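Trainee: Residues per chain are reported as follows:
There are 2 protein chains.
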Amino acid sequence: MIGLTSITGLGELGIIQIMERSFGVNDRTVVGFGDDVSAVRLPSGRIAVLKTDMFVGSTDLPPGMTMRQAASKAVVANVSDLAAKGVSPTAGLVALGLPRSLTRRDVQEIANGLSAAAKSYDFPLIGGDTNESNDLTISIALFAVADKKSLILRKGAKVDDVVAVTGEFGSTSAGLKSVLNFGIPRRQMPKSLYDALYHPRAQLELGLRLAASRVVTSSIDSSDGLAWSLHQLSESSKLGILIDDIPISKAARDFAKQHRLQSKDLALYGGEEYELVLTIPPEKFSRAYRAAKGNLTRIGLVTNKFRGVRMKVNGAIVPVKKKGWEHFRS
Amino acid sequence: MIGLTSITGLGELGIIQIMERSFGVNDRTVVGFGDDVSAVRLPSGRIAVLKTDMFVGSTDLPPGMTMRQAASKAVVANVSDLAAKGVSPTAGLVALGLPRSLTRRDVQEIANGLSAAAKSYDFPLIGGDTNESNDLTISIALFAVADKKSLILRKGAKVDDVVAVTGEFGSTSAGLKSVLNFGIPRRQMPKSLYDALYHPRAQLELGLRLAASRVVTSSIDSSDGLAWSLHQLSESSKLGILIDDIPISKAARDFAKQHRLQSKDLALYGGEEYELVLTIPPEKFSRAYRAAKGNLTRIGLVTNKFRGVRMKVNGAIVPVKKKGWEHFRS
Chain H
34 MIGLTSITGL GELGIIQIME RSFGVNDRTV VGFGDDVSAV RLPSGRIAVL
84 KTDMFVGSTD LPPGMTMRQA ASKAVVANVS DLAAKGVSPT AGLVALGLPR
134 SLTRRDVQEI ANGLSAAAKS YDFPLIGGDT NESNDLTISI ALFAVADKKS
184 LILRKGAKVD DVVAVTGEFG STSAGLKSVL NFGIPRRQMP KSLYDALYHP
234 RAQLELGLRL AASRVVTSSI DSSDGLAWSL HQLSESSKLG ILIDDIPISK
284 AARDFAKQHR LQSKDLALYG GEEYELVLTI PPEKFSRAYR AAKGNLTRIG
334 LVTNKFRGVR MKVNGAIVPV KKKGWEHFRS
Chain Z
34 MIGLTSITGL GELGIIQIME RSFGVNDRTV VGFGDDVSAV RLPSGRIAVL
84 KTDMFVGSTD LPPGMTMRQA ASKAVVANVS DLAAKGVSPT AGLVALGLPR
134 SLTRRDVQEI ANGLSAAAKS YDFPLIGGDT NESNDLTISI ALFAVADKKS
184 LILRKGAKVD DVVAVTGEFG STSAGLKSVL NFGIPRRQMP KSLYDALYHP
234 RAQLELGLRL AASRVVTSSI DSSDGLAWSL HQLSESSKLG ILIDDIPISK
284 AARDFAKQHR LQSKDLALYG GEEYELVLTI PPEKFSRAYR AAKGNLTRIG
334 LVTNKFRGVR MKVNGAIVPV KKKGWEHFRS
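Line by line, the protein sequences are chains H and Z. For the first sequence, the working numbering gives the first residue as 34, with consecutive numbering after it. For the second sequence, the working numbering gives the first residue as 34, with consecutive numbering after it.
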């Protein structure tokens with residue numbers, strides 16, 4: 034009785050697979066499902082890059098997040114995927130689903146959050162749609178123009194490439210756990226955890242600088258969790274990834290120690306953390322490092338000795354689980 | 034205490050105005066808020082046309098509509114706006130918010146509905162996003178390329194222009210009333226009412242043919258109701274519209290007679306009916322009529338003798354109310 038299976042068992046990937054199989058392909062399509070953005074050929078020979086990501090209150094809104102922060106995060110999630118591809122947004126649209134219980138001030142705060150976020154990434158929001166909904170819904174669609182050959186995809190990693198990341202990991206997960214599991218009021222959280230959870234930023238400038246350096250062979254953002262992103266890069270290029278070490282924020286390490294958690298778990302299996310995960314040929318890493326003005330950390334390398342993602346832990350090599358921030362599986 | 038006003042009193046337009054004021058403008062923007070689509074300049078000199086429209090289960094799903102029909106309608110609502118501008122979609126994205134109660138078969142039916150609708154308008158769905166939500170949400174974003182001068186806007190009507198429509202009106206409203214107010218099972222509805230309500234189609238081919246005739250001065254679709262659309266055309270061009278008569282479907286007239294309703298009210302104040310409402314210089318109407326292969330009815334004219342929309346009824350001229358299908362006001 035396949036038809037009666039609840040979507041809870043399907044998972045987000047299962048649903049996307051159903052969509053992908055049903056939609057088929059088209060000869061104008063340059064990038065379809067399976068990467069962070071989609072793209073079609075333009076008559077001019079360049080490509081139109083398209084992205085949509087929907088923020089839903091019941092699943093994406095941590096306790097204590099304001100309407101303004103929610104709206105900003107909805108923009109960030111979209112911009113982050115463009116950042117990972119090295120593409121700057123040209124314009125955006127926003128479709129809103131608003132519960133009746135919202136006030137005029139809530140709507141103004143949503144508008145302010147959308148506006149400030151879009152301005153900070155230097156693109157205009159030029160249209161949209163408004164609806165009533167039982168669940169706060171902020172669906173953003175971004176449009177950009179790029180050259181096909183400069184678009185960095187999830188696939189493209191080569192054996193011996195360096196695996197590198199921007200920023201540090203674990204703060205978002207620590208922030209979320211401190212609210213959800215330990216009931217710590219948002220005002221009592223360390224500022225870096227608060228900012229990571231309630232006011233994340235996309236690494237657009239870094240993504241554009243790294244793309245301009247033309248040494249990145251594959252890239253993804255870490256929004257579904259670092260472990261998940263590494264698995265995606267590994268699968269897309271049909272190669273293995275061996276991780277040495279991960280930059281974990283001091284706040285996440287402190288939080289882990291305090292609550293007897295593994296800081297590596299916070300860093301690997303979190304999510305909603307908008308850093309970039311990239312592969313770079315070893316001889317070109319220094320060029321990428323300069324392009325990123327030093328905000329780039331080597332965490333491992335690409336190998337053909339195995340598939341999947343593994344990590345050196347106390348001298349042993351252990352598998353990194355393919356788990357992350359996926360909806361519909363709880 | 035403006036901040037505590039519920040959005041129920043704001044209305045959809047009030048919310049869009051808050052967004053528009055907050056977002057500001059940008060010199061790349063060719064068409065912003067206030068028309069059926071948005072557009073930005075491309076480096077090539079042409080324009081990128083962008084559209085998003087969100088389908089929400091709790092407000093847009095008539096009783097008895099299947100998941101496949103809902104998905105198709107979500108596509109139709111977006112395509113219809115492009116049709117009114119004379120633009121053919123190049124590609125689309127879909128962001129889904131799915132309640133946990135849906136089954137795998139429901140998801141497959143949504144995929145089938147999206148896929149079939151997109152194929153029927155000859156564009157690919159090339160990406161998207163999937164989320165859990167408390168309210169079924171299908172947010173479509175369309176992308177197209179056009180020449181700026183060939184884009185037909187809401188404004189542009191001239192004094193003495195003919196006001197014309199494609200198709201006939203009233204069936205959707207009659208269908209909805211027959212389900213909502215009279216509890217008539219969907220299988221007992223006349224086929225034309227059933228199709229109008231559950232399987233609407235966008236007039237893309239007609240819109241493209243009319244645009245290619247290059248005689249249309251302004252245009253909008255009738256998705257928010259014919260009266261509403263006429264008021265939008267009137268306001269956008271700061272002129273009045275005088276209506277003689279409206280083509281009302283036989284099924285809507287029969288339904289009105291049977292239930293002692295005014296068929297004109299069904300035709301004027303319905304909504305979710307995806308016909309085109311256009312203005313055309315009188316000397317060029319015959320050319321438009323040929324382009325539309327006869328599916329074009331003259332319903333009135335543009336005048337500078339008054340503002341707003343009026344209608345000849347039994348020799349008198351009466352105002353057409355500015356009311357239609359607007360969310361958040363019930």
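Just so you know, the hints here were simulated from the structure itself, not pulled from any lab data. Accuracy of the hints is not assured; some may be wrong.
Said to hold, decoys possible - Chain Z side only, calculated, beta carbon under 7 Å to chain H, not exhaustive:
1) I49
2) Q50
3) N59
4) R133
Unchecked claim - The calculated DSSO-like cross-link candidates involving lysine-lysine, where the alpha carbons are at most 30 Å apart (straight line), are:
5) H:K317 to H:K355
6) Z:K191 to Z:K152
7) H:K224 to H:K338
8) Z:K290 to H:K181
9) Z:K283 to Z:K182
10) H:K152 to Z:K290
11) H:K188 to Z:K290
12) Z:K338 to Z:K283
13) H:K338 to H:K283
14) H:K355 to H:K338
15) Z:K188 to H:K152
16) Z:K290 to Z:K188
17) H:K181 to Z:K188
18) H:K271 to H:K354
19) Z:K355 to H:K181
20) Z:K345 to Z:K356
21) Z:K290 to Z:K338
22) H:K182 to Z:K210
23) H:K182 to Z:K317
24) H:K152 to Z:K354
25) Z:K182 to Z:K290
26) H:K152 to H:K224
27) Z:K317 to Z:K210
28) Z:K152 to Z:K326
29) H:K290 to H:K210
30) H:K338 to H:K356
31) H:K191 to H:K210
Here the structure is a predicted model, which is why all the values come from computation and not from measurement. In this text, a Cβ means the ideal position worked out from N, Cα and C, and glycines have one as well.
Trainee: For each hint, tell me whether it holds in the structure or not.
Mentor: A quick look at each hint next to the structure:
no.: 1; hint: I49; verdict: holds (6 Å)
no.: 2; hint: Q50; verdict: violated (10 Å)
no.: 3; hint: N59; verdict: holds (4 Å)
no.: 4; hint: R133; verdict: holds (6 Å)
no.: 5; hint: H:K317 to H:K355; verdict: holds (29 Å)
no.: 6; hint: Z:K191 to Z:K152; verdict: violated (36 Å)
no.: 7; hint: H:K224 to H:K338; verdict: violated (42 Å)
no.: 8; hint: Z:K290 to H:K181; verdict: violated (60 Å)
no.: 9; hint: Z:K283 to Z:K182; verdict: violated (38 Å)
no.: 10; hint: H:K152 to Z:K290; verdict: violated (55 Å)
no.: 11; hint: H:K188 to Z:K290; verdict: violated (64 Å)
no.: 12; hint: Z:K338 to Z:K283; verdict: violated (33 Å)
no.: 13; hint: H:K338 to H:K283; verdict: violated (33 Å)
no.: 14; hint: H:K355 to H:K338; verdict: holds (18 Å)
no.: 15; hint: Z:K188 to H:K152; verdict: holds (28 Å)
no.: 16; hint: Z:K290 to Z:K188; verdict: violated (37 Å)
no.: 17; hint: H:K181 to Z:K188; verdict: violated (37 Å)
no.: 18; hint: H:K271 to H:K354; verdict: holds (17 Å)
no.: 19; hint: Z:K355 to H:K181; verdict: violated (48 Å)
no.: 20; hint: Z:K345 to Z:K356; verdict: holds (18 Å)
no.: 21; hint: Z:K290 to Z:K338; verdict: violated (35 Å)
no.: 22; hint: H:K182 to Z:K210; verdict: violated (54 Å)
no.: 23; hint: H:K182 to Z:K317; verdict: violated (47 Å)
no.: 24; hint: H:K152 to Z:K354; verdict: violated (39 Å)
no.: 25; hint: Z:K182 to Z:K290; verdict: violated (45 Å)
no.: 26; hint: H:K152 to H:K224; verdict: holds (24 Å)
no.: 27; hint: Z:K317 to Z:K210; verdict: violated (38 Å)
no.: 28; hint: Z:K152 to Z:K326; verdict: holds (23 Å)
no.: 29; hint: H:K290 to H:K210; verdict: holds (13 Å)
no.: 30; hint: H:K338 to H:K356; verdict: holds (22 Å)
no.: 31; hint: H:K191 to H:K210; verdict: violated (36 Å)
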